[in-house]
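Enquirer: Sequence:
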Amino acid sequence: MSLVEMMVVVALVAMCTLWGIHSWRSYQQALTLEQHAQQLRMSLYGTQAEANHYNRSAVLWAVEGRAGCVGTGTRPADCHHATGKILTLTDPDIELLDFTNKSMGFYGLRNAAMAGHLTLKNSAGSLRVVLSARGRLRICSETQPLLGIGVCQ
2 MSLVEMMVVV
12 ALVAMCTLWG
22 IHSWRSYQQA
32 LTLEQHAQQL
42 RMSLYGTQAE
52 ANHYNRSAVL
62 WAVEGRAGCV
72 GTGTRPADCH
82 HATGKILTLT
92 DPDIELLDFT
102 NKSMGFYGLR
112 NAAMAGHLTL
122 KNSAGSLRVV
132 LSARGRLRIC
142 SETQPLLGIG
152 VCQ
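Residue numbers for the sequence shown follow our numbering, beginning at 2 and rising by one.
These are computed hints drawn from the structure, not numbers from a lab.
A hint or two may mislead.
Within a straight-line C-alpha distance of at most 25 Å, the following computed DMTMM-like cross-link-like pairs (lysine to aspartate or glutamate) qualify [stated by the list, open to error]: (1) Lys103 - Glu143; (2) Lys122 - Asp99; (3) Lys122 - Asp92; (4) Lys122 - Glu96; (5) Lys86 - Glu6; (6) Lys122 - Asp94.
Here are the simulated distance ranges between beta carbons [claimed, not checked]: (7) Asn102 - Arg139: 16 to 24 Å; (8) Ser133 - Arg26: 16 to 24 Å; (9) Asp94 - Cys17: 23 to 31 Å; (10) Ser27 - Arg57: 41 to 49 Å.
As the structure is a prediction and not an experimental result, all values here were calculated from the model.
Beta carbons: idealized from backbone N, C-alpha and C, even for Gly.
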């Protein structure tokens with residue numbers, strides 16, 4: 002093997018390695034976003050079950066931004082002063098981007114709910130957790146399909 006051939010092989014291996022590292026990081030970011038959206042959805046399911054079990058209302062609030070939080074009860078100025086049942090985003094790369102402007106929450110009677118959505122975003126994309134009026138919680142992607150999660154319609 003000549004020196005030129007060896008340099009071509011090294012360049013090809015370096016390009017494949019860089020492509021693999023980039024793909025792995027993108028996958029990790031998408032997976033982190035999906036896990037946080039699932040965690041938020043499961044937390045909201047718990048709040049919904051509690052509201053239904055005790056037949057009482059649970060109005061949601063959200064503090065938007067990085068390290069944002071979602072909870073029930075009285076809305077605090079920031080997440081550090083929040084009391085009660087709250088879910089705080091632990092990953093600094095995940096941002097709570099959007100919260101429905103109107104009231105959003107659960108009502109104990111027949112699992113009814115005030116419809117709305119929450120949006121989580123990072124460099125991989127953005128996922129929306131949607132609450133329907135019948136109390137159904139689902140996750141959809143805002144721009145392109147992400148890890149098997151379909152685009153919002």
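Enquirer: Next pair to validate is lysine 86 with glutamate 6; report whether the Cα-Cα distance is within 25 Å.
Expert: Between lysine 86 and glutamate 6 the Cα gap is close to 63 Å, so the pair fails against 25 Å, i.e. violated.
Enquirer: Quick one, are lysine 122 and aspartate 99 close enough, alpha carbons at most 25 Å?
Expert: 9 Å, holds
Enquirer: Is lysine 122 close enough to aspartate 94, meaning Cα to Cα at most 25 Å?
Expert: 8 Å, holds
Enquirer: Could one say that the CB atoms of serine 27 and arginine 57 fall in the range 41 to 49 Å?
Expert: Once the Cβ atoms are compared, 43 Å apart, the range 41 to 49 Å for arginine 57 and serine 27 holds.
Enquirer: Quick one: are asparagine 102 and arginine 139 within 16 to 24 Å, going by C-beta?
Expert: 20 Å, holds
Enquirer: Taken at face value, is the distance from the CA of aspartate 92 to the CA of lysine 122 at most 25 Å?
Expert: Answer holds: lysine 122 to aspartate 92 is near 11 Å, not above 25 Å.
Enquirer: Between the beta carbons of aspartate 94 and cysteine 17, is the distance compatible with 23 to 31 Å?
Expert: Given a distance of about 26 Å, which is inside 23 to 31 Å, the answer is holds.
Enquirer: For the pair we were handed, lysine 122 and glutamate 96, check the Cα-Cα distance against 25 Å.
Expert: 5 Å, holds
Enquirer: Straight-line Cα separation of lysine 103 and glutamate 143 no greater than 25 Å?
Expert: 20 Å, holds
Enquirer: Between serine 133 and arginine 26, does the beta-carbon spacing fit 16 to 24 Å?
Expert: 34 Å, violated
Of the hints listed earlier, those the structure fails to meet are numbers 5 and 8, in rising order.
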